[in-house]
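Next come the chains, spelled out residue by residue.
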Amino acid sequence: MSRQKQLGFVACVGALAVLPLLWPDPYMLSVVASCGIFIIAAISLNLLLGFTGQLSLGHVAFFGIGAYTSALMSLGFDVDLLGTGTPWVVAPKPVWLAFASGILVAGLFGWLVSRIAFRVRGAYFVIVTISFAQVMRMVALNWVDLTEGPMALNNIPPLTLWLPGTGTLPIATKASIYWLVLAAAVAAYLLVAALVTSRLGRAMIALRENETLARSIGIDVTRFLRIAAVGAAGIAGAAGGLYAHTVRIIDPDVFMFMFTVTMVIMVIVGGKGTLAGPVIGGLLFGLLPEVLRGVLAPEVQWIIYGALMILVLIFLPKGIVPAAGALKRRVAARRTPRVAHVSAAESEPA
Amino acid sequence: MDQFLQHLLNGLVLGATYALLGIGLTLIFGIMRVVNFAHGELYALGGYVAYAAVSVFDLNYFGSLILAAIAGLVMGALIEYVLLRRRDLGSIDEVMLIMIGTMLIMQNTELLAWGGVAKAVPSPFSQEPLVWGEVSVSPIRLFVLCTALVLLGVFYLLIERSRFGLAMRATFQDRDAARIVGVDVSRIYTATFALGSCLAAVAGALLAPVFVVSPTMGDLANLKAFAIVILGGLGNLAGAALGGFALALVEEFGAGYISTAYRDAIGFLVILLVMIVRPQGLFTGKERIG
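Quick mapping for you: the protein sequence lines, in order, are chains A and B. Under numbering that gives the first Met the number 0, the first residue of the first sequence is numbered 0, with each subsequent residue one higher. Under numbering that gives the first Met the number 0, the first residue of the second sequence is numbered 0, with each subsequent residue one higher.
It should be emphasised that the hints constitute simulated quantities derived from the structure, not laboratory data. Some hints here could point you the wrong way.
[Said to hold, decoys possible] Restricting the straight-line Cα-Cα distance to at most 20 Å, the calculated cross-link-like pairs of lysine to any residue (SDA-like) are: (1) Lys317/A <-> Leu160/A; (2) Lys118/B <-> Leu66/B; (3) Lys118/B <-> Tyr261/B; (4) Lys317/A <-> Ile91/B; (5) Lys317/A <-> Asp87/B; (6) Lys92/A <-> Val78/A; (7) Lys317/A <-> Lys118/B; (8) Lys317/A <-> Arg86/B; (9) Lys317/A <-> Arg334/A; (10) Lys317/A <-> Leu66/B; (11) Lys4/A <-> Glu208/A; (12) Lys317/A <-> Phe210/B; (13) Lys317/A <-> Ser54/B.
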């Protein structure tokens, strides 16, 4: 990031951080917090979809796995392992530990899925990822002993923050949840930013642009895809954990295909392969429903989503962020053609 | 043993409609390289047309099948003409996302029009099952099986024996070569999408009186259609037919002998297993992947 961009980023985060002090409406804060959770999920999907170019339509699986793992670990469980008569007992764990385990387990599944799914590309890859998410939904629905099935997991404890020295702090007020989600979103953003601007990220972009060529110059394509998949899954798992502990009730619907579609729309409309894209798209599609609520039926809202996605794909195939960048450059070029030429060359490609 | 025959029969009935569903999807993929995520919604469209015809407009069920077929043809042609014509079909991901957008629009339009409550379409036959020994089948299921088999036969003849089928197969094999020898490829594309959609809509209308019609039926149908097509190998017509029967039988026996709860999960487990063992599909030779 250039110095100017860094300052802009800090200013944005700062503005968002003081929001609860200026406008402490609990409803508004919880809406923005849940929007933030989806932005985190969209950021994680963008790592895969935007930077390695793999369209995963089962991304909600990792979100759901993170949510269920974190909820189950914090509640504790006692089940008969796959009907073998072997008991599997876990005592309730502190929430921060449960949350961390959710990230870990989601990442583990990300690795597992990458082993299966990256054997294939294109349409096959998409279908494998969808199937995986569906199998997870079926497990959540049918392994009633563990997940309570359609009755949902209730009374999930609220988040706590573990600080060395001070012990655990409960995070229960809307403002503190908001700050935590904001912090997590910033962390996810910076992690992905660091990842994609490193050597690793360049390898990912190389394989997105031309896999055969990337392979021929010695890039271990499968390895980089796997790293991206594990990272994306882990971040999505964190989003799922945040979701479970803020909503405090989850059912198998957290694995709904529509959640994946929402994340995909956020990334595509915002601009895949750009860092700001999922944030802009996430804000747009996370806050739009609240604005439209009461005005439009949810069905109409989904129809608008679908139509908007088609229109963006047809008319702005790269998404809002790159289009806005191009517009800015064009305006600058009209004003001072020479300087604009230099600044266009300097600006980052993504 | 009698239980076995019963499951076999149930599996065949379901399998025949699964085959229609899968062939439509694989036809569109094979010829156009488009993964049609709206396929399940076209199946739902067929179901709703049947429901509307029978319950609202008081038409006869057999007439509603023809209406569903026409609705599928028109809708398919419309989708292809409006959304895919002039698109670069080479960018599979982009086209896939356009089809997901189409799916969202269709599904929610259905919800708006009909509400979320499932609708029952009355069977035109007597409810009295036909019984042979321990095996029994309701007349509507038998009708579904026979109609689906006849349609599969007609479809086979259309592809294998007609001039139009020849042009389709030519496009399937090599689009550019087909264009050179005078095939109107864009017309074949429209026809393909219309025909594939028609098969899905008919499958939906056929099964409407057996199950119920609901706005979410498209989702499950979509995922099953993918399972079938993966089993047979994407773009393989005979594979899709076999895959349809295979999936239905696996589901039926799985539900009968293992657990009904996981009935719908079986399809996806099958996909994952096939992907691990034979990513190119069970009934295809080695194809280019990755």
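Distance restraint between Lys317/A and Phe210/B, which requires alpha-carbon spacing of 20 Å or less: This hinted pair is violated, its Cα atoms lying about 42 Å apart.
Restraint status (C-alpha distance of Lys317/A to Arg86/B at most 20 Å): holds, 15 Å
Restraint check for Lys317/A with Leu160/A, where alpha carbons must lie at most 20 Å apart: Violated, because 39 Å separates the two Cα atoms, which is more than 20 Å.
Satisfaction of hint between Lys118/B and Lys317/A, Cα-Cα up to 20 Å: Status violated; Cα separation ~41 Å.
Holds or violated: Lys317/A to Ile91/B, with C-alpha atoms at most 20 Å apart: Distance of about 15 Å is within 20 Å: holds.
20 Å limit on alpha-carbon distance, applied to hinted pair Lys317/A and Leu66/B: violated, 40 Å
Proposed proximity, Ser54/B with Lys317/A (alpha carbon, max 20 Å): Violated, at roughly 46 Å.
Agreement of Lys317/A and Asp87/B with the hint, judged by alpha carbon distance not exceeding 20 Å: holds, 15 Å
Proposed proximity, Tyr261/B with Lys118/B (alpha carbon, max 20 Å): Distance ~24 Å between Lys118/B and Tyr261/B Cα, so the pair is violated.
Hinted pair Lys118/B and Leu66/B, Cα distance within 20 Å: Between Lys118/B and Leu66/B the Cα gap is close to 18 Å, so the pair holds against 20 Å.
20 Å Cα cutoff - pair Lys317/A, Arg334/A: violated, 25 Å
Pairwise hint evaluation, Glu208/A against Lys4/A, where the allowed Cα distance is 20 Å at most: Violated: Lys4/A and Glu208/A sit about 26 Å apart, past 20 Å.
Violated hints, in rising order: 1, 3, 7, 9, 10, 11, 12 and 13; the structure is consistent with all others.
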